[in-house]
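Novice: Here is what each chain is made of, one letter per residue.
Number of protein chains: 2
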Amino acid sequence: MEEIFPYQALDVDLYELTMAAGYFHHNYNPTVTFELYVRKLPDTRNYLIAAGIEQAVKYINSLRFSSEEVNYIKSLPVMKDVKPEFFEYLQNYKFSGDIFGLKEGELVFAKEPILQIQASLIEAQILETFLLTTINFQTAVASKASRVVQAAQSDGKDRTILEFGSRRAHGPEAGVLAARAAYIAGCAGTSNVLAGYRYGIPLYGTAAHSWTLAFDSELDAFKKYSEVFPNSSIYLIDTFNTLEGAKRAAQTGYKVFGVRIDSGDLELSSKEVRKILDSNGMNDTIIILSGDLNEYKIENLIDKETPVDSFGVGTQLATSEDAPSLSVVYKLVEVEKNNRHLYRAKICPGKIMYPGKKQIYREVKENNFVKDLIVLNGEKGAQGNKLLIQYVKNGEVIYSFPTLDEIRHYVRKNLQKLPDRFLSLDKKADYKVEFSDKLKTLLSDIETNN
Amino acid sequence: MEEIFPYQALDVDLYELTMAAGYFHHNYNPTVTFELYVRKLPDTRNYLIAAGIEQAVKYINSLRFSSEEVNYIKSLPVMKDVKPEFFEYLQNYKFSGDIFGLKEGELVFAKEPILQIQASLIEAQILETFLLTTINFQTAVASKASRVVQAAQSDGKDRTILEFGSRRAHGPEAGVLAARAAYIAGCAGTSNVLAGYRYGIPLYGTAAHSWTLAFDSELDAFKKYSEVFPNSSIYLIDTFNTLEGAKRAAQTGYKVFGVRIDSGDLELSSKEVRKILDSNGMNDTIIILSGDLNEYKIENLIDKETPVDSFGVGTQLATSEDAPSLSVVYKLVEVEKNNRHLYRAKICPGKIMYPGKKQIYREVKENNFVKDLIVLNGEKGAQGNKLLIQYVKNGEVIYSFPTLDEIRHYVRKNLQKLPDRFLSLDKKADYKVEFSDKLKTLLSDIETNN
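Going line by line, the protein sequences match chains A and B.
If you use the numbering used here, the first sequence corresponds to residues 1 to 450, in order.
If you use the numbering used here, the second sequence corresponds to residues 1 to 450, in order.
For the record, the hints were derived by calculation from the structure and aren't laboratory data.
Heads up, a few of these hints could be off.
You can't tell identical chains apart in this list, so a pair holds if it fits in one copy or across any two.
[To be verified] Here are the simulated DSSO-like pairs of lysine-lysine, each with C-alpha atoms no more than 30 angstroms apart in a straight line:
1) LYS428 - LYS297
2) LYS275 - LYS427
3) LYS297 - LYS427
4) LYS365 - LYS40
5) LYS247 - LYS80
6) LYS74 - LYS380
7) LYS351 - LYS223
8) LYS351 - LYS304
9) LYS297 - LYS40
10) LYS275 - LYS58
11) LYS432 - LYS380
12) LYS365 - LYS393
Turn these sequences into a full structure, and let the hints guide you.
Specialist: Here's what the structure looks like:
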């Protein structure tokens, strides 16, 4: 289930509303196409995983302005010369255009449209801020999470990543969205209960140091935990001394599902702890490692044959710490006027974009992704699978959204088709994305004429 | 006004609820103190600005579990051996303890308590996730914003910073919270309309490239904007060619409030644009610069005497890009049992903390902050101003929250008392924070006994 948040329609940059008022004033509201894409991949990403599309589409479909919201907008000083009919327009706003986009979980590269909004100029303009923030954040987290998951399985073993980042996410709601993005990218679950409730994501948890500190001794704390959770107890064993903690874990008399180590030298601790557990017949007790982990630290632990079954990853996942934002933009690419298609592009230095509503063809050879070709929508003759599908037609959703597990499965299948060099954590590899001659001609026409 | 979000009580890490269930099972619910603090300052921060405290306190005060929320928690597999009375407890949850904390806008350094929750163990444990994410994010953004504001005024001129980051914030709600944090740290306003509505923050906006691209020519687009917003028009002049854009801005026949440049070499463009504007008698027209700016780029522009009146800063502000999270933690420091105070501290390597409920004294000499002394609460003889004040007593708010403008003013006053070396953008300076002998003794007692 999705939630509509209080006053969500106001969660927009002011200029979307002033531009909308301006278009309205001039009675200028042609059908246009906006495209949302990432300008450039971060240095530490060879691919992105498109995420947040369901939230984006449902936002567009549910967007309405209440009287209270409209009255607030009307009260702003900047709106004082705006025709009153504009506020009636807002009051009656309901998206009636078309939405195209990538499937959620599609691998995506720089300059490839993730969403396309084809609608009247005013309807489409107003959506910009919300669409950018939604796609930006979930795509950033899913892409980071994918790297972390790859690292945990870099020796071919099926270790799990548990997303524990809510406490360091950018506010309470960001944690829930991060959990969703991390899950579709391959994490096994999350600590965030609301993400479990809202999206059905599996929930995981252990115990905090406060549990141990609340009781009179570590052994007492462990026993008391197992009394309540006899089948699922995971002890946090590093409150005082990790190896002593492991020995105490062996003395509780309970079956111990797992132990978690959250500090110190994780490789050495884990190796010693494994010995202690095994020598006490606790071969089934799993080891979970956590503590400011990222894909590099995890790969290093795996390389050193650290005995570990699962990683708890928080901060670096939920904030995509090394690339906390993507250069997502929402650009007007086409205007339909007097039955003519006018192609639009900004050509300011360093930010060149291609005009026109596009389609992406992904070429696959021997079950491997080879390259993408971006063409003007409707161009014939391209090879490969069309990636942009229609979500909404004349304001009605015509797409049946997949479950998160289906998206997760789709991500896994996509990654299997991505050549290995793109999965490297530290070597940059640029996936080949080409633009059709037609698009190049349209761009050079604009460069010539301005 | 604050909002309660749908199912907010579920926005919590699972382990808070399992630990709560465990304490409840053992009928173990002593009065305890948790402290929330930042473990270590990021490399690029010499000080932090405490922010998000009003949201944190109001969350605690309003937290309730609905039947639907309780039923969901009860349905989780991990809860199957938990006594049914625990779910009744949740259903009746209402915080009844005490809350202490820094004033919002206080300068804060590593290991200094920002919030203290003194309450029954279960009541206090459940709050952890929400408090961490709330204080973490707003404090991170306020601290980043303060640097950006300092940079813009580094030659003593009163230039404004406009916060434009919603589109790259971590989801729609993060943008609103970022706007709040940025404003108290000294930004002049935000583009986020909901932040204006909810918090009364001044709203700013210009126009996007899409405005220019929607019309048949740049000049036409400028004129059409001024027709609707004759007194407040800010033209974005870099869609095709910045200098041509400036010349066209001079040809509209309207008074132009400002021009914005969003790409290219901002220093050179701005100098040329200023000349074009002045030679057309537009000396009052302001120049706003934007485009992936941060404090370093801004300081550099000022150093080069770039003519600029205002900066629009987005991504790097709203994500605190170089330090997107703080190492905030929420630690049990004291347990009251049988009328005795038991002091608690985790002593695992690299994460040592001091036990006991604390007070901070900030020493001021000749209107300059000199050092902080952290003592056990109630210790006598310390010099300076006590920083931790009481917000909530027995579950009732006893504090009158300041307005955002009052907090903003308080931040400015605090920064005037901070010696200049801490305001450097690139030189690390460690503010002196000392712990009392009493606290050191309590810590070494714990180290000896575990």
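Novice: Quick check: which numbered hints come out false for this structure?
Specialist: 2, 6, 10 and 12
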